[in-house]
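Colleague: Protein sequences appear in the order of chains A and B. Counted the way my numbering counts, the first sequence spans residues 1 to 114. Counted the way my numbering counts, the second sequence spans residues 1 to 109.
Treat the hints as calculated values from the structure; they're not laboratory data. Among the hints, erroneous ones may be present.
Unchecked claim - Not close to chain B: a few residues of chain A, all C-beta gaps over 12 Å, as computed:
1. D28
2. T86
3. S87
Unchecked claim - Dumping the calculated PhoX-like pairs for lysine-lysine here, alpha-carbon to alpha-carbon at most 25 Å:
4. A:K70 <-> B:K9
5. B:K96 <-> B:K65
6. B:K96 <-> A:K3
7. B:K9 <-> B:K22
8. B:K96 <-> A:K55
9. B:K73 <-> B:K22
10. B:K57 <-> A:K3
11. B:K96 <-> A:K57
12. A:K18 <-> A:K70
13. B:K96 <-> A:K71
14. A:K53 <-> B:K96
Glycine is no exception: its CB is placed at the ideal position from the N, C-alpha and C atoms.
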Amino acid sequence: DVKVTQSSRYLVKRTGEKVFLECVQDMDHENMFWYRQDPGLGLRLIYFSYDVKMKEKGDIPEGYSVSREKKERFSLILESASTNQTSMYLCASNSRGDRASEAFFGQGTRLTVV
Amino acid sequence: AQRVTQPEKLLSVFKGAPVELKCNYSYSGSPELFWYVQYSRQRLQLLLRHISRESIKGFTADLNKGETSFHLKKPFAQEEDSAMYYCALDGGATNKLIFGTGTLLAVQP
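Let the sequences and hints guide you as you build the complete structure.
Modeller: Structure below.
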């Protein structure tokens, strides 16, 4: 019963390429998140969307953009990939309004930029 | 500013020993706090939330507003508890989730 699905498990891209990471959830959640997970740094929020076409910058938005055209889909875009964007990327979603709402995570996309 | 601090990167204990994973937070309002866990090769998942006041897999966590802490405890560690544990804060009207840096718990046999 997979609830949050990320389009790729592993990706290898070249420096300077435009990269799209896709995430889809089937729980009708208002909120969707993109994090990157690095050893020793934990989960750092890149961008957050609380509704269709609405977004808010997280702690490390530089070099990234996002798109939320439909409620169930949240895309992370690396405009021009760089080696320091090599990381594990996690997508998550939860309900808005219920402040104890459980967040559900995707399986992660391990991106390597060469 | 909203912030979650987990001071220990690694906590190594022997099976049967007590476990305490530390979490401190910074938030001006009334926070909602969570512990998430990631077992090897599995997705990150919710372990427990402070509002539920429940024990999950023998783990408990109490919110201490005076000390701004939400430490995770278990009286007797098991090998299957070995995982990465993240403390998280839900603050604000939009339910933005902020995570700490995580603590790797290693339970030795």
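Colleague: Would you mind marking each hint as holding or not holding in the structure?
Modeller: Okay, the hints, checked on the actual structure:
No beta-carbon of chain B is positioned within 12 Å of the beta-carbon of A:D28; the least distance is around 15 Å. With a cut of 12 Å on Cβ distances, A:T86 stays outside the contact zone with chain B, its closest approach being about 19 Å. For A:S87, the requirement that its beta carbon stay farther than 12 Å from each beta carbon of chain B is met, with the minimum near 14 Å. This hinted pair does not check out: A:K70 and B:K9 have alpha carbons roughly 38 Å apart, beyond 25 Å.
Straight-line distance between C-alpha atoms of B:K96 and B:K65 comes to about 20 Å, which keeps the hinted pair within the 25 Å bound. Of the pairs offered as hints, the one joining B:K96 and A:K3 holds, with about 19 Å between alpha carbons and a cut-off of 25 Å not exceeded. The hinted pair formed by B:K9 and B:K22 meets the criterion: a straight-line CA distance of about 10 Å does not exceed 25 Å. A distance of roughly 11 Å separates the Cα atoms of B:K96 and A:K55; the hinted pair therefore holds under the 25 Å criterion.
This hinted pair checks out: B:K73 and B:K22 have alpha carbons roughly 9 Å apart, not beyond 25 Å. Taking the CA atoms of B:K57 and A:K3, the gap is about 23 Å. The hint holds against a cut of 25 Å. Distance restraint check for B:K96 and A:K57: the Cα-Cα separation of roughly 11 Å lies within the 25 Å cut-off, and the hinted pair is therefore satisfied. Using a Cα cut-off of 25 Å, the hinted pair A:K18 and A:K70 holds, with the two alpha carbons roughly 21 Å apart.
Note on B:K96 and A:K71: the hinted pairing holds, with a Cα-Cα distance of about 17 Å set against a maximum of 25 Å. Under the criterion of a C-alpha separation no larger than 25 Å, the hint pairing A:K53 with B:K96 is consistent with the structure, at around 16 Å.
Hint 4 alone, counting from the list given before, is not met by this structure.
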